[in-house]
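*Asks:* Once you've looked at the hints, dock chain V against the given chain X.
Listed in order, the protein sequences are those of chains X and V. Counting from 1, one number per residue, gives the positions in the first sequence under full-length UniProt numbering. Counting from 1, one number per residue, gives the positions in the second sequence under full-length UniProt numbering.
Please keep in mind that the hints were generated in silico from the structure rather than gathered at the bench. All figures in this text were calculated on a predicted structure; none of them were measured in a lab. We put the CB at the ideal spot given by N, CA and C, even for glycine.
With a straight-line cut-off of 25 Å between C-alpha atoms, the simulated DMTMM-like cross-links for lysine to aspartate or glutamate are:
#1 V:Lys275 - X:Glu129
#2 V:Lys176 - X:Asp80
#3 V:Lys176 - X:Glu81
#4 X:Lys146 - V:Glu270
#5 V:Lys275 - X:Glu50
#6 X:Lys82 - V:Asp92
#7 X:Lys239 - X:Asp202
Quick list of simulated restraints, FRET-style, between CB atoms:
#8 X:Pro252 - V:Gly144: 17 to 27 Å
#9 X:Arg260 - V:Asp124: 29 to 39 Å
#10 V:Glu155 - X:Asp217: 46 to 56 Å
#11 X:Asp244 - V:Gly144: 22 to 32 Å
According to the in silico footprint, chain V covers these stretches of chain X (three or more CB under 8 Å from chain V):
#12 51-57
#13 68-77
#14 105-111
#15 133-141
#16 163-171
Protein chains: 2
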Amino acid sequence: MAANNTVTLYDLQLASGATISPFVWATKLAIAHKGLDMEIVPGGFTGIEERTGGKTQRLPAIVDDGEWILDSWTIAEYLDEKYPDRPTLIGDPGIRPSAQMNEAWLWQTAVGPWMTCYLVAYRDRSVPEDHEYVTATRETMFGGRKLEDIIVGREDRLPRISADLELMRGVLRENKWFGGDSPNYADHRMLACFLWLASVCDTPALAEDDPLRDWIDRGFDLYGGIGRHPGLSNIFGLKQRAGDPDLFNRNPMANGLTSRNTGVKSTAGETARMKGQKAGA
Amino acid sequence: MAANNTVTLYDLQLASGATISPFVWATKLAIAHKGLDMEIVPGGFTGIEERTGGKTQRLPAIVDDGEWILDSWTIAEYLDEKYPDRPTLIGDPGIRPSAQMNEAWLWQTAVGPWMTCYLVAYRDRSVPEDHEYVTATRETMFGGRKLEDIIVGREDRLPRISADLELMRGVLRENKWFGGDSPNYADHRMLACFLWLASVCDTPALAEDDPLRDWIDRGFDLYGGIGRHPGLSNIFGLKQRAGDPDLFNRNPMANGLTSRNTGVKSTAGETARMKGQKAGA
Chain X
1 MAANNTVTLY DLQLASGATI SPFVWATKLA IAHKGLDMEI VPGGFTGIEE RTGGKTQRLP
61 AIVDDGEWIL DSWTIAEYLD EKYPDRPTLI GDPGIRPSAQ MNEAWLWQTA VGPWMTCYLV
121 AYRDRSVPED HEYVTATRET MFGGRKLEDI IVGREDRLPR ISADLELMRG VLRENKWFGG
181 DSPNYADHRM LACFLWLASV CDTPALAEDD PLRDWIDRGF DLYGGIGRHP GLSNIFGLKQ
241 RAGDPDLFNR NPMANGLTSR NTGVKSTAGE TARMKGQKAG A
Chain V
1 MAANNTVTLY DLQLASGATI SPFVWATKLA IAHKGLDMEI VPGGFTGIEE RTGGKTQRLP
61 AIVDDGEWIL DSWTIAEYLD EKYPDRPTLI GDPGIRPSAQ MNEAWLWQTA VGPWMTCYLV
121 AYRDRSVPED HEYVTATRET MFGGRKLEDI IVGREDRLPR ISADLELMRG VLRENKWFGG
181 DSPNYADHRM LACFLWLASV CDTPALAEDD PLRDWIDRGF DLYGGIGRHP GLSNIFGLKQ
241 RAGDPDLFNR NPMANGLTSR NTGVKSTAGE TARMKGQKAG A
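One chain only, chain X, in its complex shape (with noise of 0.2 Å):
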């Protein structure tokens, strides 16, 4: 058992406190879904190695009664296995292949194209010491561009990230959490990169009323409200503007992938229209 039920957690921060990885801000939505207490020990990209004693260049890193444990995923199944009778993180073996599935979709979607919208706003809030670090290896990964250049026309692409979440939009209108009643490890991960996004975003993301806001302001209230750092931004109020996609669905489709066949009333209305004929007729 954990002393005085608390885990040491190393941190990657911005100037504000606020965790900047979403691979961190996964590991803290599953230490409290453990129920356990952490211990933050602060910090940014510089002397990541230095301050875990050369046990790693990458965070989060736990320590729990002396044991080191690294690795977002390895702290997870760690913690299932050490904590059997504490609420589940990851409860069947068929969690994981999906849930890192749907995370990789999001990060392909949206986590990457929201990265060249927002670098300017990681490296200015990151601690100062942070900033020469950031700007150079983020230069490195978008080839060599500056990065006040990489976010030149942002505001012509976020309105086109939105549309593209519409996948996710239709899970959660079916589902009050991808866990299914209650918030799983997968949770964990897909609210980790909203909570990212709210660390880093200098202007809305998404539109004031998406109908992702209810999982994630569920998401971001969970254990205490561990997602209302004051150093995080308001995600949500970006405007349509002329000529820009819908920033979501506000008709997504009756017979979808997830409508049920109840009987001949549930789908007379699809078989009309697929044969041409008015509903009803």
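*Replies:* Below, chain V without anything else, positioned relative to chain X:
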């Protein structure tokens, strides 16, 4: 308990007797996974409502001990509830949301686009009494265009569809099944889309050496080779032409979302690249 260990399945068939519907394929895999036998009621799109005594316009439908169950997801949930001591289909409330998101991604990325390539074969392979219905409903679905016109240019679309499946390849590089070490209903839903593909593809959709092939072959072989109906076509054999995108990524990123930080050695190469140094420098 099902009489004689058998449930009645209302199939949706092509003239060859192979199943055409991905939803019926998912149900066939689910019934076999539970170790139950199937009594197949044959037929195509024409006359479903008459065949089922007015119970439904859509298939699959099953009858088990006199009870009708409609809808592929409802059938899977019913089978788990009725036969809890047999292999589980959906083991955790978190399986369905993530599986539905992955399946919706597969429809958007591949099933829909493949439909525009194979609609003529889809019609021609259907049972004779379905030809008129399939032609009319699918032409309505595609804005009134003729099936023969819709498939034009498919040789240019097929390479792009294959290239776009990388998210799924990433998961299956790291996991044997979506269910983990053994298949679950998430595998059945995804496999059903490839079984549908095999039922309609009159020219290959994927490269001979596609990394998805291992999972697809193992999936088609499940439950005594349930996916090896002689009416199905070989989906592999697409050739990459000059100017085509790579049909799959031959050099997937070593440090992706699913890689694990096991200490400094596991990240040193990536760290060097981020700093613009040669690895090992």
